[in-house]
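**Student:** Chain by chain, the residues run as shown.
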Amino acid sequence: MADSLTTSAAPTRPARGKVVTVRSRSPFRWVLRLIVIAYLFFLVIWPVTLVAKATFSRGLAPVLDALQQPEVIFAFKLTLSVAFWAVVINTAFGIVVSLLLVRYTFPGRRALSAMIDVPLSVSPIVVGLALLLVYSGRTGWIGGALESAGLQVIYAPPGIIMATAFVSLPLVIRELVPVLTEIGTDSEQAARSLGASPLQAFLSITLPAIKWALLYGVVLSLARSLGEFGAVKIVSGGVAMRTQTATLLVEERYQQFGPENTITAYTAALILALIAVLALVVVTSLRPKENSQ
Amino acid sequence: MTSSAVTPLVERPDDAPPPAPRGRRRRRRTTDLTPVAGLGLGITMLWFSLLVLIPLLAVVVQASEGGWQAYWEALTSPQTAAALRLTVSQALLVTLVNIVMGTAIAWVLVRDRFWGKQFLEVVIDIPFALPTIVAGLVLLSLYGPSSPLGVDWANTRVAVFLAFLFVTLPFVVRTVQPVLIELEPEVEEAAASLGASRFTTFRTIILPSLAPAITSGAALSFARGISEYGSLVLLSGNLPYSTEVASVRILSYVEGDKLMEAAAVASILLVVALVVIVVLDIISRSVARHG
Numbered sequence: 001m002a003d004s005l006t007t008s009a010a011p012t013r014p015a016r017g018k019v020v021t022v023r024s025r026s027p028f029r030w031v032l033r034l035i036v037i038a039y040l041f042f043l044v045i046w047p048v049t050l051v052a053k054a055t056f057s058r059g060l061a062p063v064l065d066a067l068q069q070p071e072v073i074f075a076f077k078l079t080l081s082v083a084f085w086a087v088v089i090n091t092a093f094g095i096v097v098s099l100l101l102v103r104y105t106f107p108g109r110r111a112l113s114a115m116i117d118v119p120l121s122v123s124p125i126v127v128g129l130a131l132l133l134v135y136s137g138r139t140g141w142i143g144g145a146l147e148s149a150g151l152q153v154i155y156a157p158p159g160i161i162m163a164t165a166f167v168s169l170p171l172v173i174r175e176l177v178p179v180l181t182e183i184g185t186d187s188e189q190a191a192r193s194l195g196a197s198p199l200q201a202f203l204s205i206t207l208p209a210i211k212w213a214l215l216y217g218v219v220l221s222l223a224r225s226l227g228e229f230g231a232v233k234i235v236s237g238g239v240a241m242r243t244q245t246a247t248l249l250v251e252e253r254y255q256q257f258g259p260e261n262t263i264t265a266y267t268a269a270l271i272l273a274l275i276a277v278l279a280l281v282v283v284t285s286l287r288p289k290e291n292s293q
Numbered sequence: 294m295t296s297s298a299v300t301p302l303v304e305r306p307d308d309a310p311p312p313a314p315r316g317r318r319r320r321r322r323t324t325d326l327t328p329v330a331g332l333g334l335g336i337t338m339l340w341f342s343l344l345v346l347i348p349l350l351a352v353v354v355q356a357s358e359g360g361w362q363a364y365w366e367a368l369t370s371p372q373t374a375a376a377l378r379l380t381v382s383q384a385l386l387v388t389l390v391n392i393v394m395g396t397a398i399a400w401v402l403v404r405d406r407f408w409g410k411q412f413l414e415v416v417i418d419i420p421f422a423l424p425t426i427v428a429g430l431v432l433l434s435l436y437g438p439s440s441p442l443g444v445d446w447a448n449t450r451v452a453v454f455l456a457f458l459f460v461t462l463p464f465v466v467r468t469v470q471p472v473l474i475e476l477e478p479e480v481e482e483a484a485a486s487l488g489a490s491r492f493t494t495f496r497t498i499i500l501p502s503l504a505p506a507i508t509s510g511a512a513l514s515f516a517r518g519i520s521e522y523g524s525l526v527l528l529s530g531n532l533p534y535s536t537e538v539a540s541v542r543i544l545s546y547v548e549g550d551k552l553m554e555a556a557a558v559a560s561i562l563l564v565v566a567l568v569v570i571v572v573l574d575i576i577s578r579s580v581a582r583h584g
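Quick note, the sequences are listed as chains D and H, same order.
Per my numbering, the very first residue in the first sequence carries number 1; after that it's consecutive.
Per my numbering, the very first residue in the second sequence carries number 294; after that it's consecutive.
Bound-form chain H, shown alone (with noise of 0.2 Å):
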């Protein structure tokens, strides 16, 4: 909803616990937690296992559950590899489009002035902070049957990209945009004067410092639009091998009570997720340790 919901840790100085002038050996071993503070890493831990550690780690037994054999044919069966195909395409097509049209909004956004301009910094967030049901209902009004338009993509492969496109829409805008608020444009000016075109400024100059924020923000929109499910509730009609991304799949295992499947198809998607959190941490400690 607002830039930092949407950012990663790049921003995030968690590399910098509180300063401790003891050796690095020993520093790794002790902690310098009080009572109250143990007490309180205790309570907040147990939650977090009830609710968040515990409910995922079941989904990795149950994926286990009938062995690796069950687990790759759940995985490959016909109408679940093709939800996975789609999935990871239609995400992949959307990440591509947002790193470009994200960079393009976030430049105009800092470095253009002109009327309104407020106005569409609030535009960016909508799609994050409306339900997604409510998302697809827009959608639908102007790509579906009554649109406006004259086009009916509802219950086709576009619905899906635009659902995706919708939903991602933040993530490359807000991670980017920061850090061309920090570039100075002195420094693209000098180069401008030393005889550069603006296609070799941009290349050279901007393009690199940007690059670990248009890849966080891609690693997010990927991860977003792989997982995204309520949008495209009403907009895709949800078609097997047509139309059917990989959480309408789980879903329709979970209902038909196979959790065995479900479980496999949700392994798929958390594994992304890790890989998107780990991507990221390693971007945010690179960044942080250049500068």
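So here's chain D without its partners, still in its complex pose (with noise of 0.2 Å):
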């Protein structure tokens, strides 16, 4: 599956290649390219270029006045800041409880590789609603014995940080553990029988082998973060100069009146949504790159 890119490029080919001169006649196959066409046409690609279009409707210079605001600046500094702590955390997690998925048997293994995937499919603001009970310095069941310790969870940079960590827990687990199967522990073995260190045997065999997957993991958890909304809402009260994200600024700016106000609500909004693009671009184009070692 993580290779439906580069599966689709190779050994398909000859057959699919067949198969168009068979069909390539047939109307049905124009008319629902047409319909698929006109659906993504409709939905994605027209929507998102009048974002575009949108940011840069006054010109350049308003544009260029929003990125100049202290607000703005703050807002992309605290995101990337949080992105950063939440990858960090999520690439270590993911690396850890990989290799304990794959190459060894506990108790509770089965249950563990089904939970790990519960963040993706809960709702951002159950996330943050989950957090806050737990953490919250008021009413929160440890928040107000961390607080009395002299660290702020919710409302503050840690919560921040927990929330968009929980939402991109499983990117990188999801990664690691298809290509962690795929290699096995025999090069591994042989060197610790070589005399190498668990740790030298790891970074030297192991490292090398699972780097792509590690980067796509690493990029799609970053893209993630850079995003998170709703979870983040929730704990981080969205104070501007405080705790204000980038998507939160969006949600601000473009609810409160006056051009100027709209224009940097567009040109936030176009920032994150050209990452999300780059991303995307870097995970396809780097890709098939893991089949050619």
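Read the hints as simulated data drawn from the structure, not as lab findings.
Worth double-checking, as some hints may not be accurate.
To be verified - To give an idea of the chain D side of the interface with chain H (calculated C-beta under 8 Å), a few residues:
id : residue
1  : L32
2  : L50
3  : V97
4  : S121
5  : P124
6  : L132
7  : V134
8  : A276
What the hints assert, rightly or not - To list a few chain H residues with every Cβ distance to chain D over 12 Å, as calculated:
id : residue
9  : T324
10 : A351
11 : T497
12 : I498
13 : P501
Heads up, the beta-carbon is just placed ideally off N, CA and C, and yes, glycines get one too.
Could you fit the two chains together into a complex? Lean on the hints.
**Tutor:** Structure, rendered in structure tokens:
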């Protein structure tokens, strides 16, 4: 699955060529192709291009002004640092959990592998609420204790990082598990028998083999982290210059009156969209390399 | 964002733990954790509990705080019930559209060849990659007040439908696509040469092989639909009884400091998410078993 693009490029080509010669004149094919293109055009392509157009509807100057607002700069800085920490945590967590799931048996292994996917299907709002119920300084289970120990989680960066890490938790693991399963442990065991320490064996044998999968996982997590909105909205409070991330800024500015605010919202949205599309392009263009190794 | 991020465990060989030559009974009880691996398991489980398990447990505990009566009243209060009905019905409708359109898109991407197909591959993943708040803004620009089409569907139920449709686009496509690639065209050609019509071939040969993948994609897209929030904020207006969905209802309970009611609605979304995960697990296991 991870390689749908590569697989479609390599072994099925000849077979597909044959199908084309058999059915190329079928009108059904043309109708279906047209329906699909029209559907994607109206649902995705046209609306996305309109956002770019709306951003520059008053020319370049208001866009540049928007980029220089301290609130905008702060929001993007906060978003970047939150995403960085969430990705670091998820990468470390993801490598360890993937190794445990693939290479060891232990009680609860199956339950763990199912639970790992929970964050992908839980509503961001439920994520925010769940964190609030435990870590809120006022009503949370352990939030009060943490706060008296000097650690504020909710309405502060730690809470935003936790919410972001929660929603992107499985992405690294989902990339790593299939690759780790495929490469097995033979080479690493050979290295061990030749006197390498476990860490040496991992760094010189396993890490090079999983580096592409790890990179996709990191890029996916990063893209997801930069764009998280719902969960962050609940735990951050969204105070400008303190806990307002880029997505929260888009919402706030769009709802305020005046063309400047609208342009600012569109500008921030366009930057987020460009990062997302860039991440997509990076992932899709890197993927085939895995096969040619 | 990419195929693998969207697709469920279908391809994950979870069922095949490291081969253990021991008896079935003994294997269940023993582990082969080394001390270092055991430490790793401990630390990651501690983090996983603090981040995911304990907070989700807190939702369930909070929901049950007022007893069964209060829980039921929270869910059946007119505004909440209306929000839940809207969310579920729109998510079902969108899932049906996705089953048809997602399969059609996957079909075109795998079996058709035309200029610009690679571009469509990227387009499919855009809804997954785009921040949800941006997705709302994107849809607003074509279907909102300043639409070049001359329609204004902002703050209507159509907006809810469109937002769900946008964010769930990749799921069925990305689960069906790999199965379709594996499917041998020779079998269909054989059926056609034996006189089966295109429809018969589709119904008796293609559809049964795609069914598990379509079901997985449908389950994922339903789960994503009912939990959607970000894309609706700017688009649907969140009008009570009209365009307010479950997530928005939870948020307004949280903002009104009614945590028990918020947790009650959240528990419904949580149950649906868990059911979807179990369904996907069952499908992936039966696919793994039957090849």
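**Student:** Among the hints numbered above, which are violated by the structure, and what are their numbers in rising order?
**Tutor:** Hint check: 9 and 10 fail, others pass.
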